[in-house]
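Asker: One letter stands for each residue in the lines below.
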Amino acid sequence: MKTILFLLEKEFKQIFRNKALLPMLFGMPLIQLIVLPLAADYEIKNINIAVVDHDRSAFSSRLTHKIDATGYFRLTGFMDSYREGDRMIALDEADLVLEIPAKFENTLQREGVERLFLAVNAINGTKANVGASYLSRIIGDFSEELNQEKRNKGASAPSSQIIVTSSNWFNPHMNYKFFMVPGILAFLVTMIGGYMSALNIVKEKEIGTIEQINVSPIRKHHFIIGKLVPFWVIGMVVFSIGQLVVSRYIYHIIPVGSLLLLYAYLALYLVAILGFGLLVSTYTDTQQQAMSVAFFFVMIFLLMSGLFTSIDSMPEWAKVIAYLNPVTYFIEVMRGVVLKGSNWVDLQNHFLIMALFAVFFNSWALFNYRKSS
Amino acid sequence: MTNTISIRANGLTKKFGTFVATDHITFEVYAGEIFGFLGANGAGKTTAMRMLCGLLEPTSGEASVAGYDVYREAESIKKNIGYMSQKFSLYEDLTIQENIRFFGGIYGLSYEGIRQKGNQLLADLGLQSKAKALVGDLPLGWKQKLAFSVAVLHDPKIVFLDEPTGGVDPVTRRQFWDLIYQAAARGVTIFVTTHYMDEAEYCDRVSVMVDGRMDALDSPQNLKEQFGVNSIEEVFYRLARGAQRAD
Ligand SMILES: Nc1ncnc2c1ncn2[C@@H]1O[C@H](COP(=O)(O)OP(=O)(O)O)[C@@H](O)[C@H]1O
Ligand SMILES: [Mg+2]
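Chains as they are written, first to last, in full-length UniProt numbering: chain B, 1 to 373; chain H, 1 to 247.
Think of the hints as simulated: they come from the structure by calculation, not from any bench.
Everything numeric in this text was worked out from a predicted model, so none of it was measured.
Among these hints, one or two may not hold up.
Unchecked claim - Label pairs and their calculated CB-CB ranges:
#1 H/204 with B/27: 56 to 62 Å
#2 H/134 with B/356: 19 to 25 Å
#3 H/72 with B/26: 45 to 51 Å
#4 B/233 with H/201: 52 to 58 Å
Glycine included, C-beta positions come from ideal geometry on N, C-alpha and C.
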């Protein structure tokens, strides 16, 4: 136990003495958090939408007008066969195609429920996905409007509901940044945990000090704890600055759900991702190698995490990778708690899965860490 | 010097792929002796030493250090030895005092022990005024002396020194050997590699490694007589003439 204290003391001294590392750890992530969501913001007023109206009813034209009137969309097509809509997507003339089924008004009034189908242009998937989330909000409003009218007329019919298949994003404020900021923050924490920790350990191999550690009677799990705890703490601090300062005061994001739950998940997540960093360090000998290997995986983690493209619109094989990616779960939890107010019951499985990742990465790394070669 | 055996190697061998870095070396080192390990670059000195320190698994052969087996009891060996690697390996971004504290700490010294031994060490090296200087800012000679002192801070039974005087000036080398003698006088067994032939004369016994093999082992005096020459340097050239490995 005392050994760990000596290790921690040394590690913190070195980290805080490193004039190149500190800005990387604290400054860069926060700058990225401020810049990336802005850069990743899309021209939300120019989302091209084509409406395939099989119904041609009062309701369907009201909905179309409503969409047009928001200013977010540009109605680039209005037709009555789906094939034409499909063609517009193929020609990249539409980011979204909304299909209103025949007897839409009728079914809605009679049964109170009707489905709309939304096709998303995968070429510009992000813009389209943002559009889809706006659209589902507009449709929700529309549906609420109809209910209101019904109540005003004193009708006793049950309230109606319009279901949009394909969009399940939840972003009530119709603000793309609300969606991106928690995800980007999750990713920055990943960089610190997975990248910096690997580099730090490999650096000792590269400069040779690891020999002096390995030739001492130090227990390998003590050494590992001494290496990982500082980055765990730094991860927590960076996250806190990102969540409680940048998100709060620059983006005005206040989590709907419990902050405590978020921190509990972060604590577990960091253990898993630090295990990954440690694992990378056991397979590499120089910082350059570690950087390349970590970069390779971190890129996959980033692109396959649902951060930029929704997992629902990925092909099956990509979904498999996405669900083998720890970042996916953290981003889901972040968005869930911050935007939707997900609670412990909603996230139990996420906790379980992350605990498995933590055990998996850390035991593999511990097994592979050798004091002798 | 006693006749207690401190290090014993029997047919100790390390292969990297098909390349035999250390080829069936057999020797004994007695407690309290200064044992020199001579050889050209690439002869296999570091490889042999790393096996003895529990840093590298031998391919075959046997060895024990301080009575512990290198295969099964490497961690017990580590409690009883000090090691100064060929590559300088104190933390350059920590101060002298912080390095002493850290290495004392991981060898299980108490806070009080660290303080006392640390002060003694600084006094012995005349470094009191530099205690708060970053190790990276010290001249090489001081670094080497400091690394040695840190390697023996926890009073190990045996200390392994891998080319400890590489690249330092003759005066500092002389001072370094004074430190070695002081440690030997306290009963520490010294296992030291070098390619400076004059340093071989300071050892109780020297071994000469050529291409991974140990081709000679005796006191400097006996070796000179055996080869009928005046210096260890001559002995070394006789032995190394047929060497294949050159750096
Ligand atoms: N990890 C390794 N893999 C492959 N070859 C190695 C390794 N370590 C050392 N060698 C080779 O073994 C030989 C002996 O090296 P070494 O023990 O460092 O020699 P010395 O310390 O006597 O200069 C050298 O030819 C070196 O290149
Ligand atoms: Mg060497």
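Asker: A separate judgement is required for each hint: does it hold in the structure or not?
Answerer: Evaluation of the provided hints:
no.	hint	verdict
1	H/204 with B/27: 56 to 62 Å	holds, 57 Å
2	H/134 with B/356: 19 to 25 Å	violated, 43 Å
3	H/72 with B/26: 45 to 51 Å	holds, 46 Å
4	B/233 with H/201: 52 to 58 Å	holds, 53 Å
Checked against the numbered hints above, the structure breaks only hint 2 and satisfies the rest.
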